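**Student:** These are the residues of each chain, in order.
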Amino acid sequence: MRMMNPIDTAPAGISRRRFLALLGASAAFASGVTACSKIDRGTIVPYTRKPLGVVPGIADHYASTFQEGMTAYSVLVKTREGRPIHIEGNDEHPHFRGKTSLRTIADILRLYDPDRLRQPLVDRQPVSWEQAEAKVLAALKGARNAGKPVILFTGAVLSPTRRALIGDFKRVLPGLVHVPFEPLAPHAERAAAMAAFGEAVSPRYRFDRAAVVVSFDNDFLGTDPNAPIAVREFAAWRRVSGPHDSMNRLWVFEGGMTVTGAKADHRFAIRPSCAAAVAFALARTLSERHGVALPSGLKPETLAAFDLDKQAGELLISAALLHALAADLARAGRTALVLAGPSASVETHIAAHLLNTMLGAEGQTVETAFTPGPVDVCTFEDLRKHVTDMKSARYHAALFWDVNPAYFCPDRALWTAAVAAVPRKVFIGLHPDETARECQIVLPEHHWLEAWGDYEASADLLSLQQPTIGPLYDTKQGEDLLLDLMRALGGAAPADYHEYLKARWQKEVFPAGSLVPFEAFWSAALHDGILRRPAQPRSPRTLQAAAIEQAVTKAATPTTKGFELLVQPGVGVYDGRYANSGWLQELPDPVTRVTWLNPLAVSPADAQRLNLTDGDVVQVEVGGRRIEIPVLVQPGQARGVVSAALGYGRDALSVAQGVGVNLYPLLDETSTASNLRVGAALIATGKRVRLPLAQTHQTMEGRDIIRSWTLAEYGKHRREESDLPTLYPEQRFPEHKWGMAIDLSTCVGCGGCVIACQSENNVPTVGPEQVLKGREMHWIRIDRYYEGDAEAPRVLHQPMLCQQCDNAPCENVCPVNATTHSADGLNQMAYNRCVGTRYCANNCPFKVRRFNFLDFTGATPDAMRLAYNPEVTVRPRGVMEKCTFCVQRIEDFRLRAKAEARPIRDGEIIPACAAACPAEAIVFGDLKDPNSAVSRLSRSQRGYHVLAELGIRPSVTYLAGVTNPAGDGGRHAV
Amino acid sequence: MQSEAVLLPEALQPPTLFEGPVTLGSLDDQVLQYPARKPPAAWYLAFAFTFTLMTLGFSFIGYTFYMGIGVWGNTSPVFWAFDIINFVFWVGIGHAGTLISAILLLFRSRWRNAIARFAEAMTIFAVMCAAIFPLIHVGRPWVTFWLFPYPNQRGLWTNFRSPLIWDVFAVSTYFSVSLMFWYLGLVPDLASLRDRTKSGIRRFFYTVFSLGWRGAASHWQHYERAYLLLAGLATGLVLSVHSVVSFDFAVSLVPGWHMTIFPPYFVTGAIFAGFAMVVMVLVVVRETMDLKNLITAYHLDVMNKIILAMSCLMGYAYLMEGFTAWYSMDQYLHHIFMQYISGTYGWAGWLTISCNVLIPQLLWSRRIRRSYVGMLFVSLAVTVGMWLERFVIIVVSLHQDYLPSSWHIYKPTLVDFGILFGTFGLFFTLVLLFARVLPVIATSEMKVILPGAQPAHAGGRHE
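Top line first, the protein sequences correspond to chains A and B. Numbering-wise (the numbering used here), the first sequence opens with residue 1 and increments by one. Numbering-wise (the numbering used here), the second sequence opens with residue 1 and increments by one.
Honestly, the hints are just simulated from the structure, not real lab data. Among the hints, a few may not be true.
[As the list claims (entries may be wrong)] Sample of chain A residues facing chain B (criterion: CB under 7 Å; computed from the structure): (1) 58; (2) 62; (3) 324; (4) 696; (5) 775; (6) 807; (7) 809; (8) 812; (9) 814; (10) 816; (11) 836; (12) 845; (13) 877; (14) 944; (15) 947.
[What the hints assert, rightly or not] A short list of chain A residues far from chain B (calculated; beta carbon distances all over 10 Å): (16) 43; (17) 149; (18) 534.
Just so it is clear, the structure is predicted and the values come from calculations on it, not from any experiment. Cβ coordinates follow ideal geometry from the N, Cα and C atoms, glycine included.
Could you build all of it, start to finish, from the sequences and the hints given here?
**Tutor:** So this is what it looks like as structure tokens:
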């Protein structure tokens, strides 16, 4: 099997991403890309001796853990014939409860990424592992002999065993400097916690206990890594069944527009630098007008500089509302929750701590009892210091393990000089990325789906990671490599990391005096993926008054010159590590609906003042560095605030190359709140680009598409029951009639359903040029509409998928009967009959039918085809496709029930979108069963059908969103 | 005292269906000379041009087969664009020929005889151009044959409820009936050519295709009866084919498409566009082939009057659309109508109205009806206007339908234009070939209206 040099994977001049748009009639047309991935298709041969426990055609699920940054996600990996094809949350996890983030679900693609390194390289030449390790050893021994230190860059080390291993490694290589770095670690939050409480512990927010939530730039429903938990708990408060249900209330102060802001009952668009002042003013109002006691040691005069009415006046927001907020908080007491986000300043965090302590929320809705101890991570300031040390030729060798500082380092010039000054550089990772390019020795690592590991999710919760597939290529687990090196350097080490892990668990995790043998304990833990163990709760935190006084001084003098730049994590690409994933690049941002790009969000007022429209390229200059980035006029963006997503503008890998703009140079290396810059300047360049938007019209034009009521209005609405008369004979569904209920009150628009559907149903990606032509292939999409004033809009999300209409307009007009209606209420799509006249798509008023305009599937590289779900046909060019309610899952469970001679249980069949939705907003089931969850929800007073007046009788009932504004309601902006 | 010869006003004067002395012999010589002689250099030049255009068009079609519909501008929600616009455009162009040949035959009009052959030929060529599009616009052209209901062992039939299948029947019926009708009319002329020709090969082909015509009374009897029957069949088709084509739109639920006015609206438009094309082609024919005495100014005048009448009807149809949009209280239809006259494609709406309703009003003037520049200008405007009208109906209605989240602008690509101009190339290539190979005027029909053709009793005339 001839392997092409993976670093030069892309054929000359054509990036794989652009190739997706070019497309030949067959994959062989683009010989360069496909020739390098010679997965032997071979012959299909059935088992003659079936491996134990494997039944071809039946999926096996394995529990594992996925680490992203500072978070570990407990997952179940669905495998077919020994190959992982789908990732879902592990329902054993007490907090995630079967949900996980969309990036976790999408990571299945990274296992099969054709750009992955496939064998060790030394000076770009493929070598064997022995040769490569020998070279590394030579470098390390040289360092040890010369007495010079070695620097090891890694990501955050969340795994206790990996931490132990690094500790052991340090013992054989004294002078090893370990730099754990995560660009999106919450440095400001940690610094604030350190100052305020003396310990940098990250709390767990108990949204299930929070009746009033106040967020200062905290996108807890969106880009926060723990969003799946937050969304679930938050949604429980929004799932009202009657006008007298109690709901929580969400107040959001933010600079940019996020899904959290979209869900807010009250949203204030303010400059992030002013947030602390507002928070302190709230504290003062609480203390003076609502009798809430200040923490001991804090003098009332400290807050004298802050006045709520004055703040309201300066920020141009309603003073009455701010007072209503204070009243809300006072009433809520321990059920209040104030949080500040990762791009908020340290002062804002401290102010939030003050409020929480005053209200008694600290320890109630803000829990630190069982959260894991602070993990060592370097700030950007630390990174700079280390890189400067590198530049001064301090280190003999540098090891980069699963981290990409060449891309993350804001100061490119410094980095280039630093890297040149280190004689030996070793890269351990998945892809030939920016950092790998600069290393002589490149060692390919296992993907986490091929590797062992463990994680401390919280003090009482451990989770395990196990391989779900043998290594696809000639790779090695990073820990195994370290063990080999340790052994060669004279240390004692077991044969592989699996042994090391088990040994540590036996020693430190396995309860002493347990009656169960260790192997049984270990197997059980691997099976569950989660191990709960008793732990001592941490003692509650106490607020130090001195921190408040310091924060108050800073907060009282906010900067107002120039723009404030907010740099947020990419919804799909995060900090850039997923930029090579076509799924995540093509996932439309939940707010902007942009794909394959990170535009600069500018408020409508600023855009008008500077004469900017969507697509105009501006130069942003801050801190002596500048970038060019296209503009998107963002309704609801605060005046004077511009924001953009991190993780774009990469310089490596076939899909990631050149997509979007790199914002790392603009991050603040001198502050812990690196993602917030003040004093940015915007200059128009006169250039224009087209924004690949998945949605080009943003308002509902007065049409009854998304209903959103306040709690007060809810009581006034009556459900219109009548179905329009029809000439068609009534459809008869003898056994089942599948339907869905989608609750717009709980849906936050995160996009998890979109990625899950793409993973489950082999939906192709099309690339930015095709998205510009409106040809994206997602079977489910989240429409986002703005309503009202551009400066303070209502933002409404609606998942839109095939409504499986009873009188489906698409069925009548297909000339070849390729789309028909099933006896259980589904609109069927027969791919092999479709000739592609596209009449059905014209006649679908929801436009949920997707057409394969080009050979999108043909363009999928061979390696990525391993990610296909074998139960779903892959569609060729010229064929129409659409959501099927995951008919493969319906059939699977129908056959199981038939085999077991029992009826199908309600809740047994869960389509991929419903399974992924952290809010449980999508409910699927049998409408013929009056007791099923979907039937009950469909009868709800909030229920309605979109475009009901067309008489096509959709099977999907939407439940109107309900908001809970205080008193007069509405939204307010700067 | 007045002179005996009363000078009637022009409207009451008998129509000048031919100018100058025309006898049976001179007619034959004049019309039947062309298949026998070499065409002038201008013909070769024109043919080279149209043939190149046609080849280019077919290459673009080949490219589309190779790459997929994605090389066109079609998108979501504008899933149909140039492909169906061109289809409807060409089917429409064909209707003039059938109306002239068939309907006017049943009405026993005499002015149709000079132009019926050419018009019917244009119908066939137009339908051939139109038929290309259902075949190539599908995503998988290699299985287009599934659109035909052929018996198969899988027991699969087409969906007879789908207007696209009705299209298949309508267009294939239209093509086959028109072809038979046209061919039947050609038979006596082919016999004349057979009798006149000196070339051996030609005589062979003319002999075969003239089916042994001897001009016997029994032959004429059969001929007249068959011709009448086919004319009757074809008459229905004039109204039904384009109504069926309009069902592609009217039967759907797309706002702007779902209107009952569509069948008569489309038929009117078809006749309108067809006549404009016939006028343009006949002007060229009568000049280059020196047939001014047979295709007279009267013919052009009458056709222009028909164009004018159709234009007024189109104006009414547009007004009705506007009225319906308002009266219906349907917000979606109202929105679409506003998009017809404003918005990204508002220019197309206004250009359509100008070309189809305003400019043809020039034809009220007799001078313009009889001036080449005038009638060519109007006919060109009508052709462009009718194409644009289909563009407005299809693209503008689709691009902003029910859910605003799917709204998207449509932009055609080079391939779209290439195929469109390619079909023009095909059409005019076939026209040029027809003019070269076959008699462009039905001499047998012309002879019926020459003086002395009809037996007359003394003092009376049967027309």
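**Student:** Hold the hint about residue 877 of chain A up to the distance rule: shortest CB distance to chain B must be less than 7 Å.
**Tutor:** At 5 Å from the nearest chain B Cβ, residue 877 of chain A passes the 7 Å test, so the hint holds.
**Student:** Does residue 845 of chain A pass the interface hint, meaning its C-beta sits closer than 7 Å to a C-beta of chain B?
**Tutor:** 4 Å, holds
**Student:** Does residue 947 of chain A pass the interface check with chain B, least Cβ-Cβ distance below 7 Å?
**Tutor:** Interface hint status for residue 947 of chain A: holds (6 Å vs cutoff 7 Å).
**Student:** At a threshold of 7 Å, is the proposed contact between residue 809 of chain A and chain B supported by beta-carbon distances?
**Tutor:** 5 Å, holds
**Student:** Far enough from chain B: is every CB of that chain over 10 Å from the CB of residue 534 of chain A?
**Tutor:** It holds; residue 534 of chain A is separated from chain B by about 51 Å at its closest Cβ, greater than 10 Å.
**Student:** For the hint on residue 775 of chain A, just tell me whether its beta-carbon gets within less than 7 Å of chain B.
**Tutor:** 6 Å, holds
**Student:** Beyond 10 Å from chain B, beta-carbon-wise, is residue 43 of chain A?
**Tutor:** Per Cβ check, residue 43 of chain A is outside 10 Å of chain B; nearest 28 Å; holds.
**Student:** For the restraint on residue 807 of chain A, tell me whether the closest CB of chain B is nearer than 7 Å.
**Tutor:** Since chain B brings no Cβ nearer than about 10 Å to residue 807 of chain A, farther than 7 Å, the hint is violated.
**Student:** May I ask you to test the interface hint for residue 58 of chain A with respect to chain B, counting a Cβ-Cβ separation under 7 Å as satisfied?
**Tutor:** 31 Å, violated
**Student:** Can residue 62 of chain A be said to touch chain B, with a Cβ gap under 7 Å?
**Tutor:** 38 Å, violated
**Student:** With a cut-off of 7 Å, does the beta carbon of residue 324 of chain A approach a beta carbon of chain B closely enough for the hint to hold?
**Tutor:** Since chain B brings no Cβ nearer than about 34 Å to residue 324 of chain A, farther than 7 Å, the hint is violated.
**Student:** Under 7 Å, Cβ to Cβ, is where residue 836 of chain A needs to be relative to chain B, so tell me if that hint holds or is violated.
**Tutor:** 2 Å, holds
The structure fails hints 1, 2, 3, 6, 14 (numbered hints given earlier, in ascending order).
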